[in-house]
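J.: Chain by chain, the residues run as shown.
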Amino acid sequence: MASVSLDRVRKAFPGAPDAVHELSLEIADGEFVSLVGPSGCGKSTTLNLIAGLDQPTSGSIRIDGKPVEGLEPGERDIAMVFQSYALYPHKDVRGNLAFPLEVARLERSEIDKRIAETAELLGISKLLSHKPRELSGGQRQRLALGRALVRKPRVYLLDEPLSNLDAGLRAQMRAELRRLHQKLRATFIYVTHDQAEAMTLSDRIALLRAGELQQTGTPREIYQRPANRFVAEFFGTPRINVVPARVLGLEGDDLVGIRPEQIELLSERASGVLEATVEEAEMTGAELWVTLSLGGESMVARAPSDFAAHPGGRVWIRFPADRVLRFEQSGRTLSQTRL
Amino acid sequence: MKRALALLFFVGPLAWQLLTSFWPEPELTRPLPSALTLANYAGLGTTFARAVLNSLLVAAGTTALCLAVGASAAFAVAKLEFRGRSLLFGGALAISMFPPIATVSPLYLVLRAAGLRDTLAGLILPYATFALPLTLWLLTSFFRDLPDELYRAARVDGCTPWQAFVHVFLPLSWPALATSAILVFIFSWNELLYALSFISTPSKRTIPVAIALFAGEHVEPWGQIAAASVVATVPLAFLTLFFQRRIVAGLTAGAVKE
Numbered sequence: 001m002a003s004v005s006l007d008r009v010r011k012a013f014p015g016a017p018d019a020v021h022e023l024s025l026e027i028a029d030g031e032f033v034s035l036v037g038p039s040g041c042g043k044s045t046t047l048n049l050i051a052g053l054d055q056p057t058s059g060s061i062r063i064d065g066k067p068v069e070g071l072e073p074g075e076r077d078i079a080m081v082f083q084s085y086a087l088y089p090h091k092d093v094r095g096n097l098a099f100p101l102e103v104a105r106l107e108r109s110e111i112d113k114r115i116a117e118t119a120e121l122l123g124i125s126k127l128l129s130h131k132p133r134e135l136s137g138g139q140r141q142r143l144a145l146g147r148a149l150v151r152k153p154r155v156y157l158l159d160e161p162l163s164n165l166d167a168g169l170r171a172q173m174r175a176e177l178r179r180l181h182q183k184l185r186a187t188f189i190y191v192t193h194d195q196a197e198a199m200t201l202s203d204r205i206a207l208l209r210a211g212e213l214q215q216t217g218t219p220r221e222i223y224q225r226p227a228n229r230f231v232a233e234f235f236g237t238p239r240i241n242v243v244p245a246r247v248l249g250l251e252g253d254d255l256v257g258i259r260p261e262q263i264e265l266l267s268e269r270a271s272g273v274l275e276a277t278v279e280e281a282e283m284t285g286a287e288l289w290v291t292l293s294l295g296g297e298s299m300v301a302r303a304p305s306d307f308a309a310h311p312g313g314r315v316w317i318r319f320p321a322d323r324v325l326r327f328e329q330s331g332r333t334l335s336q337t338r339l
Numbered sequence: 001m002k003r004a005l006a007l008l009f010f011v012g013p014l015a016w017q018l019l020t021s022f023w024p025e026p027e028l029t030r031p032l033p034s035a036l037t038l039a040n041y042a043g044l045g046t047t048f049a050r051a052v053l054n055s056l057l058v059a060a061g062t063t064a065l066c067l068a069v070g071a072s073a074a075f076a077v078a079k080l081e082f083r084g085r086s087l088l089f090g091g092a093l094a095i096s097m098f099p100p101i102a103t104v105s106p107l108y109l110v111l112r113a114a115g116l117r118d119t120l121a122g123l124i125l126p127y128a129t130f131a132l133p134l135t136l137w138l139l140t141s142f143f144r145d146l147p148d149e150l151y152r153a154a155r156v157d158g159c160t161p162w163q164a165f166v167h168v169f170l171p172l173s174w175p176a177l178a179t180s181a182i183l184v185f186i187f188s189w190n191e192l193l194y195a196l197s198f199i200s201t202p203s204k205r206t207i208p209v210a211i212a213l214f215a216g217e218h219v220e221p222w223g224q225i226a227a228a229s230v231v232a233t234v235p236l237a238f239l240t241l242f243f244q245r246r247i248v249a250g251l252t253a254g255a256v257k258e
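Taken in order, these protein sequences are the chains called A and B. The numbering used here applies: residue 1 is where the first sequence begins, and numbers increase by one. The numbering used here applies: residue 1 is where the second sequence begins, and numbers increase by one.
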């Protein structure tokens, strides 16, 4: 197993702003870290740099403490799972699993043993003689995972591996990935644009925006103490409400953020509440997402599914003052002082 | 009706050629032959058999050389990053813009200097050069269509770029290789200008040259020319049919894209 460390890694493509800008990141041995961000934020580029498929413009990358500069992807003891799976269409399942081992010139008996183990682990033992085109989406996904597992690498790089699956299968594979990580105790670096996926899977999350690292932390830290407005708005569904402080009856000209689940809706006036008008109510099943109009701003609150809210109706809200996040005037950084 | 007309348009001349080849030479001016004969074929002789063999060697050699160079070059242009990539691609295409007649004399001098004048290798080399742009063009667009992630997967799996080409991309490119092979083969099979200019020994002539030289000063042996044309066409037809099956099989596999 191995740690991965990035030191001021920069990747520039000609005639474009840096794809990755001075990125420093320490990933501990056995950790599950997600690189998250909107598309074009440099997360996949970062993964390619770690894999050795691309060379950094400057900065250094170490795997297990050793610089990997100049090492071929195959010499880095990493395996990668691709978004499109990138299975070899002309090889059957066995051939796909065997290929990395054959290239590494392992003994035939060892190759067969590892294929059997891996296929067993992923439940694809019965499919060994099938071609990728004969497999379902979920089975292809497993095969892609298997081709990484079979090599027993020290670091797994996963590039949006679940984004081609339908919702049900995705939840199942998520749990399976988590289980695999616990079993293998290897280092996982996981790229996704899906904040919920990053939240549920990761030990730690690194959020990137336009090639710059915004924040690293556990899912809880990132959600509760976002470093700036961008981080705050990236995580959480529905997204955090950001409004001028005065709208919530608070001091100052800053913008403040309050998460929808922190807003309590009341159908009657009480002490210390604010009055709001219901603009819209969306039933999601377990709960009701209510869009409110308050002081000329729109806000979303999550209410129990049986809460009575009708467009145009009047409601009252209250919220715990210590859960309000206050952003600096620029809107970019967040002062850590709580209200 | 339309179909019949189209068929007549395409197949008619071939059928006429075929019929002429079995037509007794002295009766060519009559509306119909009194009997069909193999005499035209028998009259072709060993010199022509030799020309067929030469053509086969030249066309096969050109195809092999062209595909070997073209496939690896196309792979590099499509999937690898290196300096002068577009220059290479553009340069190769620029070659095809020269009218062949303008290149005959310089090529003749080059081949003579290299000791390749009047050899079959001296035909294969220029043929391959002129067929290469087309091959490069075809194969590059084919390799570009194969997903980049496949290349990166092979690299992560420990392949060198060359191994990725041989083990992953070549096995997937049969349809494109077959298409290029047919085109290159037909080009070198039919080529007349260079073959006529660079070859002087009769036993080294290719089919187009042999047929062109059938006509003597006072005779035009139409029957024999027709027979020779049929002999020259049949291998091409079979080759195309054979590869066509591969092309169709390759396309319908469709395993690469979702």
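Everything labelled a hint here was simulated from the structure, so no lab data went into it. As the structure is a prediction and not an experimental result, all values here were calculated from the model. All C-beta atoms in this analysis are idealised placements derived from N, C-alpha and C, irrespective of residue type, glycine included. Do not rely on the hints blindly, as some may be mistaken.
As the list claims (entries may be wrong) - If you anchor each label on the Cβ, the simulated ranges turn out as follows:
(1) 160/B / 298/A: 48 to 58 Å
(2) 3/B / 39/A: 50 to 60 Å
(3) 15/A / 145/B: 45 to 55 Å
(4) 194/A / 141/B: 32 to 42 Å
As the list claims (entries may be wrong) - Partial selection, computed: residues in chain A whose CB lies under 8 Å from chain B:
(5) 67
(6) 70
(7) 95
(8) 99
(9) 103
(10) 106
(11) 219
(12) 223
(13) 227
(14) 327
J.: May I ask which of the numbered hints given earlier this structure violates, with the numbers listed in increasing order?
T.: 3, 5, 6, 7, 10, 11, 12, 13 and 14
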